[in-house]
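J.: Given only the sequences and the hints, what does the whole structure look like? Please build it.
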Amino acid sequence: MRSLHQIVGRMAGNAGWFVAAACLLAGAAAAAQLPAQSAKPARSAIVLVKLGIADMSKAEQANLWKLVDEYATVDALQEFCGTKLNLQRRAWRAVATCVEPTSLKKVFGTFRTKKDGYLKQWETLHGQPDAKKAVCDRFKSKLGEYSKIMSGQINEAATACRNCFFC
65 MRSLHQIVGR MAGNAGWFVA AACLLAGAAA AAQLPAQSAK PARSAIVLVK
115 LGIADMSKAE QANLWKLVDE YATVDALQEF CGTKLNLQRR AWRAVATCVE
165 PTSLKKVFGT FRTKKDGYLK QWETLHGQPD AKKAVCDRFK SKLGEYSKIM
215 SGQINEAATA CRNCFFC
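Numbered according to my numbering, the sequence shown spans residues 65 to 231.
Source of the hints: derived by calculation from the structure; they are not laboratory data. C-beta atoms are modelled at their ideal positions from N, C-alpha and C, and glycine is treated no differently. Careful, some of the hints might be misleading.
Said to hold, decoys possible - Using 25 Å as the maximum straight-line C-alpha spacing, the simulated PhoX-like pairs for lysine-lysine come out as follows: (1) LYS197 - LYS212; (2) LYS206 - LYS184; (3) LYS122 - LYS178; (4) LYS130 - LYS212; (5) LYS178 - LYS148; (6) LYS196 - LYS206; (7) LYS184 - LYS130; (8) LYS169 - LYS148; (9) LYS170 - LYS196; (10) LYS169 - LYS122; (11) LYS184 - LYS197; (12) LYS196 - LYS178; (13) LYS184 - LYS148; (14) LYS197 - LYS148; (15) LYS178 - LYS197; (16) LYS204 - LYS169.
To be verified - Simulated DEER-style distance windows between Cβ atoms: (17) ASP201 - ALA118: 42 to 50 Å; (18) LYS122 - GLY208: 33 to 41 Å; (19) GLN185 - THR161: 30 to 38 Å.
T.: See below:
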C-alpha cells in the first residue's frame, strides 16, 4: 500500500496537468465544432462546450481514476480523524460550468464508493479509541498539508473553469 505522503505528492504534481488538460480539451473541442471557412458567414464563431470523460485519452482517464482513488483515500482519513472537507460539494461547484453533468456524476459516484470503502477499512482496522487516536496523531501534522493541497487543486480547477473561453 502506498503511503499517504506518496499519494499527496503525486496529487500535487498532477494538479497543474489536470487543469491544463481541461483547458486544452475545452479549446480543442470548441475548435472542432467551429465551421470551416465558407462564403456564408457563420451565425456564431463560439460554441459552448462542456468536457466529459469521453473527451479524455485512455491515459488521461487512467490518471483521473488514480486521482479519484487518491482523493478518496485522503478524504476518508480526514473524516476518520474528525475533519470533513466536503470535497465533493466543493469540487462540483468548482467545475460544474465546464464539465458534463454525467461525467461529474460518474466521477463523484466512484469517489463516494471508494471513500466509503476506505473509511470502513479505517474504522475496522483502527476503530478502537486508542488505535484511532494513535493513527490520527501520527498523521496530524500531514492532515493540514493534505487539506491545503486538495483545496488548492479545487481552487485551480475553479479558476480554469471560470477562465474557460469556450465553456
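J.: Taking the hints in turn, state whether each one holds.
T.: To see whether the hints hold, each was checked on the structure:
1. LYS197 - LYS212: Holds, because 22 Å separates the two Cα atoms, which is no more than 25 Å.
2. LYS206 - LYS184: holds (21 Å)
3. LYS122 - LYS178: Between LYS122 and LYS178 the Cα gap is close to 21 Å, so the pair holds against 25 Å.
4. LYS130 - LYS212: Since the Cα atoms of LYS130 and LYS212 sit roughly 19 Å apart, the hinted pair holds (cutoff 25 Å).
5. LYS178 - LYS148: holds (16 Å)
6. LYS196 - LYS206: It holds: about 16 Å lies between the C-alpha atoms, which stays within 25 Å.
7. LYS184 - LYS130: Roughly 20 Å separates the two Cα atoms, so the pair holds.
8. LYS169 - LYS148: holds (20 Å)
9. LYS170 - LYS196: violated (31 Å)
10. LYS169 - LYS122: Given pair LYS169, LYS122 holds - Cα atoms ~19 Å apart, limit 25 Å.
11. LYS184 - LYS197: With a Cα-Cα distance of about 16 Å, the restraint between LYS184 and LYS197 holds, given a limit of 25 Å.
12. LYS196 - LYS178: holds (20 Å)
13. LYS184 - LYS148: Holds, because 15 Å separates the two Cα atoms, which is no more than 25 Å.
14. LYS197 - LYS148: Holds, at about 17 Å.
15. LYS178 - LYS197: holds (23 Å)
16. LYS204 - LYS169: Outside the cut-off at roughly 31 Å; violated.
17. ASP201 - ALA118: 42 to 50 Å: Holds, since ASP201 and ALA118 (Cβ atoms, about 44 Å apart) stay within the stated range.
18. LYS122 - GLY208: 33 to 41 Å: For GLY208 against LYS122, whose Cβ atoms are near 35 Å apart, the range 33 to 41 Å holds.
19. GLN185 - THR161: 30 to 38 Å: holds (35 Å)
Going down the numbered hints, you'll see the structure goes against 9, 16, while the others check out.
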